[in-house]
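J.: Given chain A, put chain B in place with the hints provided.
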Amino acid sequence: MVLALSVTTIVVVVLLWEASMPRIGEAWRRHKARRAIVPTFDHDPGRDLRAEQKARTLLRSCVNEEEWAMYRDLGFIRVWGQRSQGVEYAYLVYPHKPVVAYLPQTGVLLNEYCVEFPDEERPYGTTRLPDSDDVLAKWMALTGDERRLINSANMHLPGRQVDPKQVRRDLWRLSRWERQRLGGDDARRSAGSLPA
Amino acid sequence: MVRRARTTAQGVPSLCHNRGVKFLRMKPGHGEVLIAEGDPEVTEEERELVEAFRHQLDQGMWAAVPLTGPAGRRQAQMVKAFDEIPRDADRVIFFPRAAGG
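Chains as they are written, first to last, in our numbering: chain A, 24 to 219; chain B, 214 to 314.
For reference, chain A alone in the conformation it holds in the complex (with noise of 0.2 Å):
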């Protein structure tokens, strides 16, 4: 009789313990969780600004002149395709926008490649690089690497993020820039300050 009493207190209790220990597992963590000093930054916009300027500056130094010209004007950068099999092919880099794909001669959209450099050390509990560090990470990527870029970031259909009408909108505002950038030089070459 007492041994039949305690083998059944035994199950009882084993059993209560399987049952209950994962909600007091859970109970416990949640426990240490509200008690956790979570680090937290306040949003300095003096310091974002500051970052954003040492940015550009690191960007104006690493690509030409004209891109440089491109970004400061329009907000994006033309980076032409280096796979090309006799189709001429260009990317617009946004910062932190998908790099779109397109062909100059049509002006026809190819592809969204959804690409980001999240720094996981989270410095000041953000994981964003500056905007013109995105653009300079872009471009590095691009042009040192296109195929190692392209393969790491996720391809859609255009419009899945980058509004269409917007690249449209932006693609004739660089035409038109470019035109106005053509004039300017064969006015300064005229006046004799620019060597033909």
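Some clues are possibly wrong.
Said to hold, decoys possible - Derived coverage of chain B by chain A (criterion: at least 3 residues anywhere in the stretch with Cβ under 8 Å from a Cβ of chain A; other residues may be distant):
{"#": "1", "stretch": "238-251"}
{"#": "2", "stretch": "269-278"}
{"#": "3", "stretch": "287-297"}
{"#": "4", "stretch": "304-313"}
Claimed, not checked - Simulated restraints, written as ranges between beta carbons of each label pair:
{"#": "5", "chain 1": "A", "residue 1": "Arg-171", "chain 2": "B", "residue 2": "Asp-303", "range": "20 to 30 Å"}
{"#": "6", "chain 1": "A", "residue 1": "Ser-107", "chain 2": "B", "residue 2": "Arg-260", "range": "15 to 25 Å"}
{"#": "7", "chain 1": "B", "residue 1": "Val-263", "chain 2": "A", "residue 2": "Glu-143", "range": "18 to 28 Å"}
{"#": "8", "chain 1": "B", "residue 1": "Gly-285", "chain 2": "A", "residue 2": "Trp-200", "range": "14 to 24 Å"}
{"#": "9", "chain 1": "B", "residue 1": "Glu-257", "chain 2": "A", "residue 2": "Val-131", "range": "53 to 63 Å"}
{"#": "10", "chain 1": "A", "residue 1": "Asn-174", "chain 2": "B", "residue 2": "Glu-297", "range": "13 to 23 Å"}
No wet-lab data here; the hints were simulated from the structure.
Just so we're clear, the structure is a prediction, and the values are computed from it rather than from any experiment.
Built from N, CA and C at the ideal position, the CB exists for glycine as well.
T.: What follows is chain B alone, placed relative to chain A:
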């Protein structure tokens, strides 16, 4: 970072003391940060540079060297090993590896 030895990797005194390469790393909220600087021709400094380079790659960084190609064309060269850094490079830029967004 500290220029201590003035002998080349081959043990020959370096003739050119002002040549060096900078390792820069892009960081959120910072812009680029100088993480190492030295002359790869100087044994001691080369060792420190190799160590810094490996450390960055171990942290998952990509490394690129901005270059000026023929006809003034600007481009970058991605480097996966210290030996791949061009001898005339004045800086190597480290940035977080790309991930699908």
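J.: Which of the listed hints are broken here?
T.: Result: hint 6 breaks, nothing else.
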